[in-house]
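Model the full assembly from the supplied sequences, consistent with the hints where possible.
Number of protein chains: 6
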Amino acid sequence: MERLSESVSALVSSYEDFGLINHCNGPNLPSRESIEDILADLDAIIFPGFRESELPDQESLQLTTAERVFRTARKLSNEIEKSLSFSCRTNHFSCEGIGCRTMAEMIVEDFFTQLPEIRRVLSLDVAAAYRGDPAAKSIEEVIVAYPGLQAIAVHRLAHYFWVREVPLIPRMMSEIIHGRTGIDIHPGATIGESFFIDHGTGVVIGETTVIGKNVKIYQGVTLGALSVKKDEADTKRHPTIEDDVTIYSGATILGGKTVIGRGSVIGGNVWVTESVPPDTLVYVKTGEHILRPKQ
Amino acid sequence: MERLSESVSALVSSYEDFGLINHCNGPNLPSRESIEDILADLDAIIFPGFRESELPDQESLQLTTAERVFRTARKLSNEIEKSLSFSCRTNHFSCEGIGCRTMAEMIVEDFFTQLPEIRRVLSLDVAAAYRGDPAAKSIEEVIVAYPGLQAIAVHRLAHYFWVREVPLIPRMMSEIIHGRTGIDIHPGATIGESFFIDHGTGVVIGETTVIGKNVKIYQGVTLGALSVKKDEADTKRHPTIEDDVTIYSGATILGGKTVIGRGSVIGGNVWVTESVPPDTLVYVKTGEHILRPKQ
Amino acid sequence: MERLSESVSALVSSYEDFGLINHCNGPNLPSRESIEDILADLDAIIFPGFRESELPDQESLQLTTAERVFRTARKLSNEIEKSLSFSCRTNHFSCEGIGCRTMAEMIVEDFFTQLPEIRRVLSLDVAAAYRGDPAAKSIEEVIVAYPGLQAIAVHRLAHYFWVREVPLIPRMMSEIIHGRTGIDIHPGATIGESFFIDHGTGVVIGETTVIGKNVKIYQGVTLGALSVKKDEADTKRHPTIEDDVTIYSGATILGGKTVIGRGSVIGGNVWVTESVPPDTLVYVKTGEHILRPKQ
Amino acid sequence: MERLSESVSALVSSYEDFGLINHCNGPNLPSRESIEDILADLDAIIFPGFRESELPDQESLQLTTAERVFRTARKLSNEIEKSLSFSCRTNHFSCEGIGCRTMAEMIVEDFFTQLPEIRRVLSLDVAAAYRGDPAAKSIEEVIVAYPGLQAIAVHRLAHYFWVREVPLIPRMMSEIIHGRTGIDIHPGATIGESFFIDHGTGVVIGETTVIGKNVKIYQGVTLGALSVKKDEADTKRHPTIEDDVTIYSGATILGGKTVIGRGSVIGGNVWVTESVPPDTLVYVKTGEHILRPKQ
Amino acid sequence: MERLSESVSALVSSYEDFGLINHCNGPNLPSRESIEDILADLDAIIFPGFRESELPDQESLQLTTAERVFRTARKLSNEIEKSLSFSCRTNHFSCEGIGCRTMAEMIVEDFFTQLPEIRRVLSLDVAAAYRGDPAAKSIEEVIVAYPGLQAIAVHRLAHYFWVREVPLIPRMMSEIIHGRTGIDIHPGATIGESFFIDHGTGVVIGETTVIGKNVKIYQGVTLGALSVKKDEADTKRHPTIEDDVTIYSGATILGGKTVIGRGSVIGGNVWVTESVPPDTLVYVKTGEHILRPKQ
Amino acid sequence: MERLSESVSALVSSYEDFGLINHCNGPNLPSRESIEDILADLDAIIFPGFRESELPDQESLQLTTAERVFRTARKLSNEIEKSLSFSCRTNHFSCEGIGCRTMAEMIVEDFFTQLPEIRRVLSLDVAAAYRGDPAAKSIEEVIVAYPGLQAIAVHRLAHYFWVREVPLIPRMMSEIIHGRTGIDIHPGATIGESFFIDHGTGVVIGETTVIGKNVKIYQGVTLGALSVKKDEADTKRHPTIEDDVTIYSGATILGGKTVIGRGSVIGGNVWVTESVPPDTLVYVKTGEHILRPKQ
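Protein sequence lines, in the order shown, are assigned to chains A, B, C, D, E and F.
Okay, so the first sequence: first residue is 8 according to our numbering, each after it adds one.
Okay, so the second sequence: first residue is 8 according to our numbering, each after it adds one.
Okay, so the third sequence: first residue is 8 according to our numbering, each after it adds one.
Okay, so the fourth sequence: first residue is 8 according to our numbering, each after it adds one.
Okay, so the fifth sequence: first residue is 8 according to our numbering, each after it adds one.
Okay, so the sixth sequence: first residue is 8 according to our numbering, each after it adds one.
Some clues are possibly wrong.
Any copy, or any two copies together, can satisfy a pair, since identical chains are not distinguished.
Claimed, not checked - Below 20 Å or equal to it, Euclidean Cα-Cα: the simulated EDC-like pairs (lysine to aspartate or glutamate) are:
no., residue 1, residue 2
1, K292, E281
2, K264, E214
3, K89, D117
4, K243, E124
5, K82, D48
6, K264, D250
7, K144, D238
8, K237, E23
9, K220, D48
10, K237, D24
11, K82, D117
12, K144, E172
13, K264, D117
14, K144, E239
15, K301, D251
16, K82, E43
Worth flagging that the hints you see were computed from the coordinates, not collected in a lab.
Small disclaimer: the values here were computed from a predicted structure and weren't measured.
This is the structure in structure tokens:
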């Protein structure tokens with residue numbers, strides 16, 4: 008027990024030596040646990056009756072929704088207040104004039120007024136997934152079982168807060184759903200209506216990507232940057248995908264000036280670093296591998 | 008608070024405008040939470056003593072198993088009844104004559120009679136993983152730590168219900184384990200004995216894939232469709248992999264008529280859209296990349 | 008009910024026929040649930056205040072740390088004792104002389120003395136991630152939201168126990184974080200300071216890989232083996248990556264004798280099975296795909 | 008296992024033979040678990056910040072209160088609907104015309120409008136307890152630690168629903184707090200302002216008891232009925248206690264016509280079955296026991 | 008922290024000095040937590056649908072009951088095995104010949120065959136409560152809200168195990184329900200059909216009490232012993248109450264030879280140490296207290 | 008929903024009008040929930056292995072105890088700090104000079120040094136209960152099933168903090184165990200070694216009571232005050248019970264100057280307001296009730 012007691016002291020010293028600690032005396036950060044809770048609550052507000060075991064009946068839908076909205080508003084206000092305070096103290100942001108708490112509550116109130124619009128957009132994403140996957144048997148199946156839809160739903164929420172310059176939280180939201188689906192969409196990415204990701208594992212969509220309407224992408228697609236220099240953080244580093252584009256599995260499209268023109272199709276495993284005109288098919292040259300009998 | 012109250016009303020209206028809601032007045036769906044519970048229970052029935060902290064001793068194994076079987080049977084009957092009712096009301100399926108509840112209970116009873124056979128097949132998968140991975144130190148390590156094995160175990164359960172045309176649930180099972188392992192096997196795929204997936208992240212195996220015995224595949228392998236038109240949903244769109252085939256990481260094999268012949272080896276990153284004869288090695292042509300000194 | 012009762016009997020028989028069971032009469036294995044608990048506790052000891060909702064203030068930091076260390080020490084001792092006993096009984100390992108419990112406690116005590124050093128190394132990994140990703144806005148963001156950092160943190164813990172030849176547990180740790188991040192690092196891999204994995208889904212790093220300092224890798228990179236014969240399990244089968252190397256997404260580097268020389272850059276999707284000299288750029292030949300207008 | 012299987016069948020038969028079962032095909036009852044939840048929620052609404060660990064700050068008090076009110080309103084509506092439906096089907100009550108659900112929601116909405124008044128009355132009870140007990144050090148101590156106050160608080164809630172003729176629920180509330188405090192107040196009892204019960208274990212206050220203002224009673228006091236004939240259930244069977252009366256421990260006062268006049272004091276262990284005039288002291292005659300040296 | 012570390016050592020020493028410790032090296036006792044679980048399970052088996060929120064429907068009643076019976080059988084077998092082993096090692100009891108585990112399982116199997124009969128007797132207790140309390144509005148109210156019924160139900164279970172000489176567990180059951188209701192019935196007491204306790208707080212019924220049919224008792228009644236000498240532990244020390252007796256609140260009846268004859272009524276607060284003939288009223292003499300105006 | 012929204016506003020206003028609210032802007036109180044947690048932890052430290060389901064083995068007893076002590080120390084420090092701050096701000100107490108946090112930690116550290124002594128005293132209470140109750144079959148039965156022992160154990164802890172003038176917490180501890188056992192011992196009471204309470208429901212022991220060694224009391228006993236005037240709060244208002252006294256059920260002993268002399272026995276239901284000499288028997292006069300045949 009003595010050695011363990013010494014390790015405790017050594018650890019407490021190490022907290023001063025190597026940072027990596029976040030306590031009340033320093034700026035107070037939003038917790039991952041709370042953000043997960045909030046996402047679960049928002050999921051239930053957006054898709055009522057789909058994922059919980061207790062089903063809302065018509066009669067109690069008003070009360071249930073009111074309860075959920077106020078609970079989520081309280082939790083969101085707390086976490087956003089923390090993240091704004093963090094930025095205010097570390098100088099990236101300023102709530103001066105009105106204070107972090109009031110700013111947090113204003114953002115939250117505004118967010119809830121936008122939620123019906125977010126639901127409208129998501130209903131288009133659901134329809135796109137149903138149309139886009141021959142294996143999909145019903146709209147309900149898309150809602151209960153498609154990871155791509157979950158990733159897009161969280162992205163549309165995270166993106167809202169990203170645009171309002173809420174620190175940390177949008178990124179935490181993205182990483183939570185990345186962990187669950189293997190789909191990594193940076194909250195900064197701008198994504199149009201009727202977006203569909205199939206299978207999805209390994210998809211990466213960078214911060215300054217712009218995606219149009221009716222775009223469909225498959226597992227393992229990267230929409231990335233050519234350069235990763237820290238001082239280019241504020242420039243557009245990721246590609247633009249215009250309306251009605253399809254990108255098959257494993258394709259990689261890089262660069263802030265790269266534009267995939269409207270209606271084009273990018274084949275599987277293709278590597279693109281320059282723009283592609285509209286209505287173009289891009290595919291890997293055949294005959295690139297060798298067949299040989301096992302001896 | 009006033010703005011939030013207005014948002015509540017706007018959300019309730021939006022529930023009528025944009026659907027995406029599932030309440031008691033509509034058809035009642037199986038919940039993801041319940042399916043996760045059921046999978047955990049089945050896991051404990053299949054691998055008793057491996058994942059829970061409370062170990063079954065010899066004496067209480069009978070009581071423990073009986074409790075688990077009856078609990079899981081009750082939960083499964085409820086969820087299957089919901090999914091059958093959903094289909095009956097939306098016209099894809101009919102339990103007429105005997106009713107959804109009775110049909111659900113018959114499926115569940117039959118399922119449990121098949122479970123010992125599923126355990127037999129899984130014991131072959133465990134053995135294949137142990138043989139196939141030099142890093143595996145023991146059979147027990149495979150059971151407690153191999154995501155490939157988890158994915159196959161859930162697939163063999165989900166496939167049982169897929170064959171019986173239970174709606175939604177097989178797909179929900181697949182997506183739950185896809186979320187945990189990054190391995191996306193459609194419950195419709197037919198997979199033979201002694202199947203081994205190593206590492207597994209990014210693997211996609213489509214609905215009409217047929218896989219023989221002793222097949223081994225690595226991370227990032229896609230067994231997919233060439234066409235994704237909705238009206239071809241009922242044809243065989245995914246490849247056939249015969250016995251004793253190995254497919255290395257990142258390979259993509261597409262098309263319902265593509266057959267990889269018995270004993271062949273598909274190399275890493277290979278892209279195949281046509282059949283490969285038995286006992287053939289397929290690999291990427293060398294010299295495809297360029298080396299240049301950094302200036 | 009009768010059919011279910013028969014299924015219970017059939018299952019109990021099947022436990023004797025097809026193994027896949029772990030009960031008290033056989034060797035007692037560490038449970039996945041306990042290892043997950045232990046990782047959560049260690050995470051809180053390493054990054055205090057970052058992931059839990061209850062924040063440690065300066066005053067209670069000592070008490071909180073002591074409590075966490077003793078709790079984790081107790082749980083770890085129990086699980087390590089189980090895993091050592093398993094090996095002793097199945098002949099891969101011997102605690103003779105001092106017994107499994109004492110050996111377990113010695114390993115645990117030693118582990119905690121090393122934890123401040125592990126924190127020091129992780130603080131370098133955090134800094135590397137912040138420097139390496141233009142999208143990273145703060146050190147705190149890296150800690151709360153980067154899956155690559157989580158994977159490295161768990162690897163550094165798992166590797167400690169791997170080196171001490173603790174069976175099963177290091178591998179279970181790796182698979183838990185693999186499941187959450189899609190990053191699969193074998194606990195045997197040797198990894199230098201200031202390591203950064205971006206996005207990370209699909210990364211595979213094999214058992215005998217050796218990685219230097221300041222190495223940066225992206226999603227979908229495989230550091231793997233050329234041969235997977237069981238009898239070569241004890242040889243170096245995976246590559247060596249020297250200091251200051253960057254490996255872009257989807258690259259595959261195979262073979263125990265393959266060395267990527269100091270300062271080299273491996274481009275996206277490159278397939279390497281032989282050594283690359285220091286300060287070399289390796290990239291995929293251009294013009295490998297075809298553009299064609301959609302008719 | 009066979010004998011247990013037979014017992015299961017015997018139990019299921021016994022459910023038909025001896026009733027004592029409540030299932031969905033019969034009337035659906037409010038559950039004790041839900042009523043306990045509701046009482047905890049109402050406690051938090053009435054005494055915010057006193058019993059939970061998460062403290063409401065000024066800023067979030069509105070959001071927290073809204074969330075609690077809507078959650079409790081939803082739960083209460085559900086449970087009251089069940090209890091009204093139970094009565095409608097078993098003929099003691101009728102919601103005809105508007106239906107049980109609407110009736111339930113009307114009662115709940117009205118209840119919440121009365122809650123501020125209930126808080127006002129409870130604040131007088133708190134003050135009475137503080138004045139009445141020399142051992143009370145602060146108002147806060149009364150709120151956090153006096154079982155008498157808890158019992159009165161629950162009574163004032165239960166009585167509200169009793170007056171509106173909600174079946175079962177008021178009685179369930181009373182029994183929940185009876186179980187926790189040993190104080191058994193029938194929800195039908197009418198109790199004036201500034202009521203104080205000290206210690207309280209064993210107190211029984213019957214259905215038709217009427218208690219004035221500023222009454223104080225001690226542990227073991229019974230305010231009961233002389234007759235317990237079922238056909239007198241609708242008459243006043245329990246006593247009337249006028250303003251400013253004190254009743255010491257163990258006293259028993261019985262009978263619907265018994266009136267304890269304003270300002271009187273009933274001594275410990277006194278047995279009263281007839282009225283007592285105002286401003287009277289009643290006490291046990293001295294000299295009723297015998298002292299004898301132990302031999 | 009140093010002083011706390013010293014206290015830890017002092018406590019560990021104190022465990023050897025002052026006992027009061029129960030660890031694996033000593034005999035393993037049943038845990039209160041497990042017995043509480045078991046009682047909740049048995050409550051659900053006896054009164055299905057009354058106390059849980061998830062209601063059993065007709066269809067799933069068989070599965071639900073089977074699950075509950077097997078779960079409770081497993082838990083009960085474990086706890087009874089512990090308590091038998093405890094007695095075997097400390098010499099009060101002997102399972103020799105068949106062993107504690109087998110003995111435990113035999114007791115449990117037999118218990119479940121008796122459960123339908125226990126339900127039959129409890130249905131008479133419920134009816135007696137409904138008849139006996141003018142305030143009772145329905146049979147359902149008695150089941151959901153009468154602490155007297157809960158206490159009798161637990162007693163009838165505990166008594167079963169007492170008669171089979173299971174150590175510790177019957178007494179733990181009694182104390183659990185004593186804590187919740189204030190009704191203290193020793194598991195050894197023999198109690199006839201149609202027993203009713205109203206209010207109940209403070210009731211004490213001793214180990215060797217014998218109670219007939221149709222007996223009714225009120226709060227604060229003691230059926231106790233005159234002598235409490237340890238060496239008289241095996242004699243009948245508590246009274247006999249014959250059929251159809253009513254005992255009002257606060258009455259005390261003491262002594263193993265005291266018999267309250269059939270049909271008698273014992274008034275409130277009466278103190279009885281000798282037998283009372285059948286059909287007798289016993290009540291406190293009037294005029295025992297003094298009325299005096301407050302000056 | 009509108010009416011509920013109005014009720015929310017009315018409630019928030021009522022929080023300002025009628026107090027009964029405790030929020031962060033006001034003094035922060037210890038929570039009942041935390042005190043319950045702390046009592047459960049202390050129970051496990053005092054009686055290791057008796058009430059939890061996870062048994063400490065010899066090997067892990069040190070680690071387990073260390074973890075428990077540090078966890079409880081942290082929680083206790085937090086709650087005591089809150090209660091000291093409450094008093095400091097409301098002027099009953101002053102931590103000036105060292106501050107509430109440091110004072111709290113000093114009290115906690117000292118408390119743990121006294122815990123072995125508290126265990127020694129409790130081992131005598133356990134022995135007294137075993138000797139005093141003929142129905143007790145073993146020492147273990149007393150520990151797992153005697154509410155009197157639980158009440159005394161909590162009292163000895165609460166009294167420690169009462170003596171150190173910690174506000175609120177001692178009283179909260181007493182009320183928690185009062186709620187569970189029906190035994191109401193004020194934390195200020197001074198109680199000697201080898202104290203035994205049998206059955207216990209309804210026992211009340213006042214703040215300034217002094218009890219010697221080897222005292223035994225039964226259910227329903229009150230040791231109370233004659234006067235309850237607020238301005239006499241600081242005088243001795245409750246009786247003194249000397250060594251070796253026994254007090255039977257329902258007896259009431261009142262007054263700060265009342266002394267029950269060493270070795271005396273107070274009979275059931277006796278009412279005492281004056282001192283009783285040593286070695287005296289006090290009992291109720293016989294012949295106080297009337298027997299009469301029913302009609």
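Hint check:
| no. | hint | in the structure |
| --- | --- | --- |
| 1 | K292 <-> E281 | both (17 Å within a copy, 14 Å between copies) |
| 2 | K264 <-> E214 | within (14 Å within a copy, 38 Å between copies) |
| 3 | K89 <-> D117 | within (18 Å within a copy, 37 Å between copies) |
| 4 | K243 <-> E124 | neither (27 Å within a copy, 39 Å between copies) |
| 5 | K82 <-> D48 | both (10 Å within a copy, 18 Å between copies) |
| 6 | K264 <-> D250 | within (17 Å within a copy, 32 Å between copies) |
| 7 | K144 <-> D238 | between (48 Å within a copy, 12 Å between copies) |
| 8 | K237 <-> E23 | neither (28 Å within a copy, 47 Å between copies) |
| 9 | K220 <-> D48 | neither (28 Å within a copy, 42 Å between copies) |
| 10 | K237 <-> D24 | neither (26 Å within a copy, 45 Å between copies) |
| 11 | K82 <-> D117 | within (15 Å within a copy, 28 Å between copies) |
| 12 | K144 <-> E172 | between (39 Å within a copy, 12 Å between copies) |
| 13 | K264 <-> D117 | neither (34 Å within a copy, 53 Å between copies) |
| 14 | K144 <-> E239 | between (45 Å within a copy, 13 Å between copies) |
| 15 | K301 <-> D251 | between (44 Å within a copy, 13 Å between copies) |
| 16 | K82 <-> E43 | within (11 Å within a copy, 24 Å between copies) |
In summary, the numbered hints that this structure violates are 4, 8, 9, 10 and 13.
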